[in-house]
Amino acid sequence: MTGTTWQRLKSDPLGVGGLCVVVLFALVALCVWSGLLGQGWSEVSGERWENASSDHWFGTNLLGQDILQRTLFGTATAFEVGLIVTACSTILGTLMGALAGWYSHSWLDELVLWLKGVLDSIPFYLFAAAVAFALQGNPWAMHLAMIVTFWTTTARIIRGEVMRIKEREFIEAARAIGLPGLVTVFRHVLPNTFHILLVQGSIVFVAAINTEVILSFLGLGIQDGVSWGLMLAESSQEVLAGHFGNFAAAGGSLFLLLMGFNLLADALQDALDTRRAIR
Amino acid sequence: MSTPALAVHDLSVRFKTGADSRHAVDGISFSIDAGEATALVGESGCGKTITALAILGLLPDSGVHVESSAIEINGRDISGLTGSRRREVLGRDIAMIFQNPGTALDPVFTLGRQISAVYARHCGGGKEHIRQKVIESLEAVGFSQPQDIAAAYPHQLSGGMRQLAMIAMATVCKPAVIIADEPTTSLDNSTRAVILQQLERLRTLHQTAILLVSHDLATVRQSCQKVMVMYCGRLLEKTDCESLFSHARHPYSAGLLSCIPQISDTRPAMINSIPGQVPAAGEFPPGCHFAPRCPRVESMCNQSVPALDTDKQQAVACFRPL
Amino acid sequence: MNRRYITRRVLYGIPLILGVTFVSFLLMVYFGPDKTYELLGKNPTTEQISEVRRALGYDRAFLLRYGDYLRELVTLDLGLSDSSGEPVSVILKRTLPVSIALVLPGFILGNLMGLALGLLAAWYRGKWLDKLVMSASVVGMSVSFLVIIIGLQILLCTPYGLNLFPVRGWQVHDLGSYLYYVTVPTLALVLVTLGYNTRFYRAVMVEEIERDHIRTAQAYGASPRELLFRHVLKNSLIPVLTRIMFSVPFVVISGSLLLESYFGIPGIGLVTFNAITSGDQPILKAVVGLTGVLFVLALTVNDMLYSLVDPRVAKP
Ligand SMILES: Nc1ncnc2c1ncn2[C@@H]1O[C@H](COP(=O)(O)OP(=O)(O)OP(=O)(O)O)[C@@H](O)[C@H]1O
Ligand code: SF4
Ligand SMILES: [Mg+2]
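Residue numbers (the working numbering), protein chains in the order written: chain A, 796 to 1074; chain B, 104 to 425; chain C, 3 to 318.
Chain A with its partners taken away, still in its complex shape (with noise of 0.2 Å):
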């Protein structure tokens, strides 16, 4: 990111706002992973449904968790499996996406397009149930689903991109040189498309949380340990004898993230000026 860029982030309002609740929920998420934060999520602390108080600050669930404990815990899965399906599924989609584009027209490139327009035509819950389905219960097959349908759009952007870049000159030097084709993609290429990965990066993330939410509670996403999804699937038994604190927090927080990760890629996309090549 060059600083005229930085510049153009901070003179908008919303783009910095955005970023700091992002970086807010990245040291909650921090601070759960090396133990400050969170640790008492699956202890039972009170009695069922307590009502909000210093103690409980959002009440407590059906078995009497602390709904704050699990909250903040819920915080740290969240961005692992924002940040796992996003690194994934980026590095996978830049690698079909470089392949395609660099050799565009081939056997190749027809390929991965083919590859692309299939997992693109699996309507995406079926798909992540049908890979649970071959897992069967395998914890990671909901990150799976994520990242083998998510690389699809990367993988355009990136081949539209490299297509692109490739008719420049300075790529033609590196040919006239001699470098190897693939060489030229990682070493004159791809550093020119890294801003365009950060702001689709951040679209995958706002993706990657927004469907965890979705999948567990279909009862196909975290397995192990406590996940806003799981709140919100414990909370819509709840709201109707009118225990709100699950709802409340895990709702709230959820829209707060991706407000944030929204705001940020709309201020980054007009930052960099990549609105182009993202559509």
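One or more of the hints may lead you astray.
[What the hints assert, rightly or not] For lysine-lysine, the following BS3-like pairs were computed, each having C-alpha atoms within a straight-line distance of at most 30 Å:
no.: 1; chain 1: B; residue 1: Lys230; chain 2: B; residue 2: Lys277
no.: 2; chain 1: A; residue 1: Lys805; chain 2: B; residue 2: Lys119
no.: 3; chain 1: C; residue 1: Lys236; chain 2: C; residue 2: Lys133
no.: 4; chain 1: C; residue 1: Lys95; chain 2: B; residue 2: Lys230
no.: 5; chain 1: C; residue 1: Lys37; chain 2: B; residue 2: Lys119
no.: 6; chain 1: A; residue 1: Lys805; chain 2: C; residue 2: Lys129
no.: 7; chain 1: C; residue 1: Lys129; chain 2: C; residue 2: Lys236
no.: 8; chain 1: C; residue 1: Lys129; chain 2: C; residue 2: Lys37
no.: 9; chain 1: C; residue 1: Lys236; chain 2: B; residue 2: Lys277
no.: 10; chain 1: B; residue 1: Lys119; chain 2: C; residue 2: Lys95
no.: 11; chain 1: C; residue 1: Lys133; chain 2: A; residue 2: Lys805
no.: 12; chain 1: B; residue 1: Lys236; chain 2: C; residue 2: Lys236
no.: 13; chain 1: B; residue 1: Lys277; chain 2: B; residue 2: Lys236
Note that these hints are calculated values from the structure, not bench results.
In this text, all values refer to a predicted model and were calculated from it rather than measured experimentally.
Keeping the supplied structure of chain A fixed, place chains B and C with the ligands upon it in accordance with the hints.
Below, chains B and C with the ligands alone, put in the same frame as chain A:
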């Protein structure tokens, strides 16, 4: 003296960028008589297209500030018109031909639909009457099979044919004024000649006043009676074509002329191509905008702005004209 | 329409259909759970085992089994549900209309409102109205579908809110009862799609509004209404149609999956949800395979619609 078909008084356009605003067009005035073709020439970025759009009132209403004391068509001021009052004028009293016929027409409607929409909007009449008028106007620009052209989509025609169809659209309501913004720039030489010929014919036929925006001095000499030289949003020389080509008074005009080979042969070569670049809007020097590139510059040129001496037959804005 | 163009589109769809069915076959049939032992009693003999495996087709070659799966999908002879024993095709035939009735109003409203808001924001781009609409759509995009559903339920269906609509169920027999049961799911669907739709449609419309030919129409006195509803809309029909066609299977399946399992509505989503939780393979493999195939078909039809809408595609 009769009323001119188009009279522009003191037209200025400013672009607001952040806190400051910059002039893209700076207080220009001119008039064109019926049946007369006037050229507006100048280097790229000098404000020709902006001038044309400002006359029609097509500039966006935010970020741009357009000012003028009057813009008259046959004596009627249209500068204050807004909304439907302005739309009534556009296409009926004044029409515009755009530079790129490839993108200027709607790809999903036939040419017949697009031209008849203009005629129906302004002149009305029954379906059959409108169709007749559309066919007539296509015939008038030289199409021998006007029905086929009317039924065609823009992508089915060549660039030159599209531009002819555009001219048919501009003339279907027989407006008093036509502004043609570089109508031939994107076309090849032979097509260019056809387009100019048709414009010329329609001008004499309907006594239309034409403002021809162009880079191409050869074109201008061939098809216009008057010519205005524009630089950095100002008119530097305003005269009839013959005077300009036989004796340009402004150093910038002389520079432009010397860029055309066969003309520079007949006069002492002063500047073969004009050195330096057009300053971007907002970075204009305080005095004469041409001073940084002018071979005749003297100290006075940098202090105040020379005004166009409109009382002369061959008006120039220069302290030391040739 | 151009026959060669259509043929090319159809041919292009075939590898996609093969791919989609192959993926579902791999995941759910080939790597799917082995049902041999569920069907056997205690201490089965080797003969019994191999007999059951033969009956289930497990001993057949890989490609033959894929062929079997394709044949099932084509003939709609999809076997019996593991949990209810009912033929899968009968279950699908019964539940699909319910799902369509459930998601259709929300789907249409979500797209129409998105289109209208997108057009409005594009026309006033850069002005406060645009900023308002766009900020609202970011907020909309940040609320999870599940949160919207639960929130609407609290607000509209419980004594903690207005308590106007049923908490769950689907006892539909006339228009009144239809509206009674469909309102809350429809609102949820509209809210969850509106933000994304508005943003998408705005981007499309801005691109169209900035085209040269719009300025030409303006220069010839076209009114804003003509510009928007004649030139902009007709030109943007292709991206708009594409988005709508693309999203049909997703909204029908994904939308109904969540809405029906939450509100207990007996449509295809609930059937799928139950199949997911109980591991009912015949239903799952039918639903996944069929939606994939339907999606590819929708894509192909969509490409053909292009040529009706856009003269440039029809006559090359
Ligand atoms: N939206 C805008 N904001 C700021 N400045 C602008 C804007 N549009 C045009 N300009 C400036 O106005 C000046 C005049 O532009 P214009 O398009 O009229 O040039 P032109 O003479 O038609 O050039 P060309 O021959 O290339 O068509 C240019 O210098 C340009 O930088
Ligand atoms: S006023 Fe001076 S600088 Fe400007 S054109 Fe005339 S001589 Fe040159
Ligand atoms: Mg121009």
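Hints and how they fare:
1. The suggested pairing of Lys230 of chain B with Lys277 of chain B holds, with an alpha-carbon distance near 19 Å, which does not exceed 30 Å.
2. Proposed proximity of Lys805 of chain A and Lys119 of chain B is supported: the alpha carbons are some 23 Å apart, at most 30 Å.
3. A threshold of 30 Å between alpha carbons decides the hint, and for Lys236 of chain C with Lys133 of chain C the separation of about 25 Å falls inside it, so the pair holds.
4. With a C-alpha separation of about 51 Å, the suggested pair Lys95 of chain C and Lys230 of chain B falls outside the 30 Å cut-off, and the hint is violated.
5. Between Lys37 of chain C and Lys119 of chain B, the direct Cα distance comes to roughly 73 Å. Violation of the 30 Å bound is thereby established for this hinted pair.
6. Proximity of Lys805 of chain A to Lys129 of chain C is assessed by CA-CA distance (about 22 Å); at most 30 Å being required, the pair is judged to hold.
7. Taken as a hint, the Lys129 of chain C and Lys236 of chain C pair is honoured in the structure, with Cα atoms around 25 Å apart against an allowance of 30 Å.
8. This hinted pair does not check out: Lys129 of chain C and Lys37 of chain C have alpha carbons roughly 62 Å apart, beyond 30 Å.
9. Note on Lys236 of chain C and Lys277 of chain B: the hinted pairing holds, with a Cα-Cα distance of about 29 Å set against a maximum of 30 Å.
10. Restraint check for Lys119 of chain B and Lys95 of chain C: the C-alpha separation of about 63 Å exceeds 30 Å, so the hint is violated.
11. Between Lys133 of chain C and Lys805 of chain A the alpha-carbon distance is near 19 Å, which keeps this suggested pair within the 30 Å criterion.
12. Between Lys236 of chain B and Lys236 of chain C the alpha-carbon distance is near 26 Å, which keeps this suggested pair within the 30 Å criterion.
13. Simply put, Lys277 of chain B and Lys236 of chain B have alpha-carbon atoms about 11 Å apart, close enough for the 30 Å limit, and the pair holds.
Hint compliance for this structure: hints 4, 5, 8 and 10 are broken, all remaining hints hold.
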